[in-house]
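Given the sequences, and given the hints that come with them, work out the whole structure.
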Amino acid sequence: MANVQYSGVRESKPNRYNDLGTTGVEVEENFKKGCLKRADRSFAQGLQCQQINSMAALMSLEDSVFISHSPQGCVGCAIMAVDMYRVGQIHRGNSIIKNPRLIVSNIDQKNVVFGGEPKLREAVTKAVERYNPKLAFIYASCASGIIGDDIDAIAADLQTEFPDTVMVPIHCEGFKSKICASGFDAAFISINKYILKKQKISKQDNLVNLFAPTTVSYADQREMERMLGLLGAEVNYIPFYSSLEKIKKIPAAIASTSICKVFADEFMKTLWEEYEIPYSHTVMPIGIRNTDKWYRGIAKVLGKEKEVEEIIAREHERIEPLVAKIKERLQGKRVFICGGTGRSFAAAALIDDFGMKLVGIETPTYDADAQVDIEYLNNIHKDYVVDIANMQPFEQVNLINKLRPDAFIGVPEWAAKLGIPTTHVLDGKRPTMGYDGLLYLGNKIADQLENPGFNKKIAKHVKLPYKSSWYDEDAFKYITEGGN
Amino acid sequence: MSAVMENPKGGCVLAGINSVLGAIDKVCPIYHAGPGCCMQTTAADQGQSGHKSSCFVSSVSIPSSNMLEKEVVFGGTNKLRTTIEGAIDIIDADAYFVLTGCTAGIIGDDVLSVANEYSSKGHPVYAIDTPGFAGDSNLGYEIVWNTMIDQVIEENVPKDDKLVNIFGIIPYHDPFWSGSLEEIDRILSKLGLKVNTFFTKHQNIDDIRKSSAAALNIIVNPWLFKGPAKKFEDKFGVPSLRIPGLFVGATDTSKFVREVGKTLGLESSLVESVIAEEEDYVYSYLGQAIGVVSWKRFAVVADANNAVGYTKYLANDYSFTPVLVIVSEPIFRPEDKERIINEIQNLEYAHPPKVLFLTDQYEINKAIREEEEEITLLVGSSNEREISLEKDIQFILGAFPTNERLIFNRTYAGYRGSLTFTEDIYDNN
Numbered sequence: 001m002a003n004v005q006y007s008g009v010r011e012s013k014p015n016r017y018n019d020l021g022t023t024g025v026e027v028e029e030n031f032k033k034g035c036l037k038r039a040d041r042s043f044a045q046g047l048q049c050q051q052i053n054s055m056a057a058l059m060s061l062e063d064s065v066f067i068s069h070s071p072q073g074c075v076g077c078a079i080m081a082v083d084m085y086r087v088g089q090i091h092r093g094n095s096i097i098k099n100p101r102l103i104v105s106n107i108d109q110k111n112v113v114f115g116g117e118p119k120l121r122e123a124v125t126k127a128v129e130r131y132n133p134k135l136a137f138i139y140a141s142c143a144s145g146i147i148g149d150d151i152d153a154i155a156a157d158l159q160t161e162f163p164d165t166v167m168v169p170i171h172c173e174g175f176k177s178k179i180c181a182s183g184f185d186a187a188f189i190s191i192n193k194y195i196l197k198k199q200k201i202s203k204q205d206n207l208v209n210l211f212a213p214t215t216v217s218y219a220d221q222r223e224m225e226r227m228l229g230l231l232g233a234e235v236n237y238i239p240f241y242s243s244l245e246k247i248k249k250i251p252a253a254i255a256s257t258s259i260c261k262v263f264a265d266e267f268m269k270t271l272w273e274e275y276e277i278p279y280s281h282t283v284m285p286i287g288i289r290n291t292d293k294w295y296r297g298i299a300k301v302l303g304k305e306k307e308v309e310e311i312i313a314r315e316h317e318r319i320e321p322l323v324a325k326i327k328e329r330l331q332g333k334r335v336f337i338c339g340g341t342g343r344s345f346a347a348a349a350l351i352d353d354f355g356m357k358l359v360g361i362e363t364p365t366y367d368a369d370a371q372v373d374i375e376y377l378n379n380i381h382k383d384y385v386v387d388i389a390n391m392q393p394f395e396q397v398n399l400i401n402k403l404r405p406d407a408f409i410g411v412p413e414w415a416a417k418l419g420i421p422t423t424h425v426l427d428g429k430r431p432t433m434g435y436d437g438l439l440y441l442g443n444k445i446a447d448q449l450e451n452p453g454f455n456k457k458i459a460k461h462v463k464l465p466y467k468s469s470w471y472d473e474d475a476f477k478y479i480t481e482g483g484n
Numbered sequence: 001m002s003a004v005m006e007n008p009k010g011g012c013v014l015a016g017i018n019s020v021l022g023a024i025d026k027v028c029p030i031y032h033a034g035p036g037c038c039m040q041t042t043a044a045d046q047g048q049s050g051h052k053s054s055c056f057v058s059s060v061s062i063p064s065s066n067m068l069e070k071e072v073v074f075g076g077t078n079k080l081r082t083t084i085e086g087a088i089d090i091i092d093a094d095a096y097f098v099l100t101g102c103t104a105g106i107i108g109d110d111v112l113s114v115a116n117e118y119s120s121k122g123h124p125v126y127a128i129d130t131p132g133f134a135g136d137s138n139l140g141y142e143i144v145w146n147t148m149i150d151q152v153i154e155e156n157v158p159k160d161d162k163l164v165n166i167f168g169i170i171p172y173h174d175p176f177w178s179g180s181l182e183e184i185d186r187i188l189s190k191l192g193l194k195v196n197t198f199f200t201k202h203q204n205i206d207d208i209r210k211s212s213a214a215a216l217n218i219i220v221n222p223w224l225f226k227g228p229a230k231k232f233e234d235k236f237g238v239p240s241l242r243i244p245g246l247f248v249g250a251t252d253t254s255k256f257v258r259e260v261g262k263t264l265g266l267e268s269s270l271v272e273s274v275i276a277e278e279e280d281y282v283y284s285y286l287g288q289a290i291g292v293v294s295w296k297r298f299a300v301v302a303d304a305n306n307a308v309g310y311t312k313y314l315a316n317d318y319s320f321t322p323v324l325v326i327v328s329e330p331i332f333r334p335e336d337k338e339r340i341i342n343e344i345q346n347l348e349y350a351h352p353p354k355v356l357f358l359t360d361q362y363e364i365n366k367a368i369r370e371e372e373e374e375i376t377l378l379v380g381s382s383n384e385r386e387i388s389l390e391k392d393i394q395f396i397l398g399a400f401p402t403n404e405r406l407i408f409n410r411t412y413a414g415y416r417g418s419l420t421f422t423e424d425i426y427d428n429n
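From first to last, the protein sequence lines are chains A and B. Okay, so the first sequence: first residue is 1 according to the numbering used here, each after it adds one. Okay, so the second sequence: first residue is 1 according to the numbering used here, each after it adds one.
Be aware that one or more of the hints could be misleading.
[Said to hold, decoys possible] With a Cα cut of at most 25 Å, we get these calculated DSS-like pairs of lysine-lysine:
1. 26(B) - 477(A)
2. 467(A) - 26(B)
3. 457(A) - 201(B)
4. 293(A) - 444(A)
5. 52(B) - 444(A)
6. 333(A) - 402(A)
7. 194(B) - 467(A)
8. 159(B) - 194(B)
9. 477(A) - 121(B)
10. 201(B) - 417(A)
11. 463(A) - 52(B)
12. 391(B) - 126(A)
13. 121(B) - 467(A)
14. 255(B) - 226(B)
15. 26(B) - 37(A)
16. 460(A) - 26(B)
17. 457(A) - 194(B)
18. 98(A) - 366(B)
19. 460(A) - 194(B)
20. 126(A) - 366(B)
21. 201(B) - 467(A)
22. 52(B) - 456(A)
23. 460(A) - 52(B)
24. 201(B) - 463(A)
25. 37(A) - 467(A)
26. 134(A) - 203(A)
27. 357(A) - 333(A)
28. 477(A) - 70(B)
29. 463(A) - 190(B)
30. 456(A) - 327(A)
31. 327(A) - 293(A)
32. 306(A) - 203(A)
33. 366(B) - 134(A)
For the record, the hints were derived by calculation from the structure and aren't laboratory data. Treat the numbers as computed from the prediction; the structure is a model and nothing was measured.
Next up, the structure:
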């Protein structure tokens, strides 16, 4: 085991690639042979920065304040987490829907020259005096990082001044990583460093850490809790909709698992190395195969292999007739998938439940984890394009226009304008996951794909911004060697 | 100049610039910025303004150099060049604007020179060298127009005495921008005028290039656009008429129509016949629901433009009782504050409400929580829903940020918008 502390930057791990245009067969082979190279795009569209993920991951925590040491624009994307937090409160039956306490230090021209420390101190002080929070998360930004403001030192100093609030600085400077999931790691590294502090506490014999990002609906939370409950586990649902107390309980757990493949995966490794908590890292529980796999994974860690098989058999009895009905409606449809690392591969497995055929998949990162998924997919689907890209809609529409799939799974905005029927496996407000989630999701997919009138009509009226010549070019034209 | 702020309403200057450019048909921003800036700035304004965003390019479809550590250390101008070249190659835009994120601004990349390399070859590439940290969305609106005046709008365009330019309503930063501009356009068209809204009816960069032909710049805002208005007049000789607040309802809208008519020397019989027809339209509806909406003591939390409009309509035209008005955008010049206070407090019959200038959510909530007089209606943004629930006050979503509804062409402005506003105020409790 190397002694080098993981920095939180996902690119720092070997054999991880962000820019690649290939096929399923080719990428499996090249990865095996070690022939893949780090690359870049000479032309690209905007990405999601890691700061967005660091903020979103924690913004529903109780008794917390969130201080962004940045110009005002860097809290723009916080609205997505704010919205999930507000809607989540409604779903959980709260009557007074609270805003998260988000304070921006508002770095300006003067601070860029003279430093922004006084404003960060002012922001933290205001936050603590206003809300007397248990936790104060302090987020770095590109600007604070480049001008060299030492958020760790300021946090340490403020910690002495405000002993009742745990100060948690998070190094999520956007320029450090092209992979937004790095922001999750940055958040967990700080949680470990400033809250858990490697202290071991007494174990609770049925407690399981379930790591959940903001995009998980309350319906999905309940389904995951139901499933783990059937195995006799008590769930410590974190960090979405949790609290300092629940975070502090993490080391008391006997096992960990996560709902998302790139959420807390590195942290669960750390929990094993530093707190001896075993974990299951499999797939997102979307679709029959993946839900089974996810369920068996955590059951194995809990020593409940036999019990889980009985439960799975019961659940299948309940679900399979529905899946068979949906399969009749979807069998043979050609699908293009675009999503985050977890969702895209989950969707790819899901379409196999329904007998659909994969023609293309777009996912942000390729690594050993993705290789496992691709090996599985290559056994089922013989010929499909793989675009390792964080969105990059210009490549997506080029590929879709050539492949003309029967269905697109992912953010519908661009495929819809080509008239392709669209659906999605991401819905933070409605069910998607587990066996119960599949009942809703399956019907949604079948219904949406059978009734594509909106997309067909809008495509006649609304044009994508690209020149017609772009559609004749190689979609991967701008992928160049020499990335960092 | 920027202050520490809780739950800020809007984004950085880059967000404002992106909002404005995104509303002009077939204009493509190119970000020379960090990897998250396209998404963050789009979410900061477009993402919180009733859920519609630029149909051409927005968020992760905007070309970006995505500056990482390598660019921070060694400079990013080469990355910017290949990004501009790619954008010109594949994006079918009428104009490209290179924008500067904080990263590019701090390390000092020369975006103007790089943009010049392409414009000198005949490509419509412009640069705006104002990094994100320079200010807020409002400043972004003025920065875009200063850029247009300096680099885009043509001189010596033949004058058209029926053409007017509308300024002061920021696309995607005012949730009702689209509907408000359409209502203004509708009303002024009835006076025989040609209206440059710049952001509706697929108006494009050519409409901006030729906007110096206008007879009048009409600024619908109590404070915004002071600098660009002067610059516009100095360079192109187009005078300005400032309407010190959005008009909601018959009284203020008719006042607006008369002022425009007078300034342009329009036939007063035409002006009065349009007013009569429009007022009849409004009152024919209001007459069908007298006493239906129960009486309220209201507070407003909004940008200055909408705060003036809502307060004056509710107090002057609908006989509600104004209690507290909070102007929730940063306003720096004392004379602007005075003008706004004057507009809000100078009411026909009602007692003037208290006026506060607060941008920080904690302070806004505190002012409402501690208000001694009873409030039974609050018109505000999604951020004020919490305090309205806490105090059990009827809440109307009427200001930025607006998250809980989808808004296409809805507006509370003008004659017709005031009917929509009144519909929304109806409360069956």
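Hints and how they fare:
| no. | hint | in the structure |
| --- | --- | --- |
| 1 | 26(B) - 477(A) | 24 Å, holds |
| 2 | 467(A) - 26(B) | 12 Å, holds |
| 3 | 457(A) - 201(B) | 20 Å, holds |
| 4 | 293(A) - 444(A) | 23 Å, holds |
| 5 | 52(B) - 444(A) | 24 Å, holds |
| 6 | 333(A) - 402(A) | 16 Å, holds |
| 7 | 194(B) - 467(A) | 32 Å, violated |
| 8 | 159(B) - 194(B) | 12 Å, holds |
| 9 | 477(A) - 121(B) | 24 Å, holds |
| 10 | 201(B) - 417(A) | 20 Å, holds |
| 11 | 463(A) - 52(B) | 16 Å, holds |
| 12 | 391(B) - 126(A) | 23 Å, holds |
| 13 | 121(B) - 467(A) | 20 Å, holds |
| 14 | 255(B) - 226(B) | 22 Å, holds |
| 15 | 26(B) - 37(A) | 37 Å, violated |
| 16 | 460(A) - 26(B) | 18 Å, holds |
| 17 | 457(A) - 194(B) | 32 Å, violated |
| 18 | 98(A) - 366(B) | 14 Å, holds |
| 19 | 460(A) - 194(B) | 30 Å, violated |
| 20 | 126(A) - 366(B) | 14 Å, holds |
| 21 | 201(B) - 467(A) | 22 Å, holds |
| 22 | 52(B) - 456(A) | 20 Å, holds |
| 23 | 460(A) - 52(B) | 20 Å, holds |
| 24 | 201(B) - 463(A) | 16 Å, holds |
| 25 | 37(A) - 467(A) | 30 Å, violated |
| 26 | 134(A) - 203(A) | 24 Å, holds |
| 27 | 357(A) - 333(A) | 6 Å, holds |
| 28 | 477(A) - 70(B) | 22 Å, holds |
| 29 | 463(A) - 190(B) | 32 Å, violated |
| 30 | 456(A) - 327(A) | 24 Å, holds |
| 31 | 327(A) - 293(A) | 20 Å, holds |
| 32 | 306(A) - 203(A) | 24 Å, holds |
| 33 | 366(B) - 134(A) | 21 Å, holds |
Violated hints for the displayed structure, listed by number in ascending order: 7, 15, 17, 19, 25 and 29.
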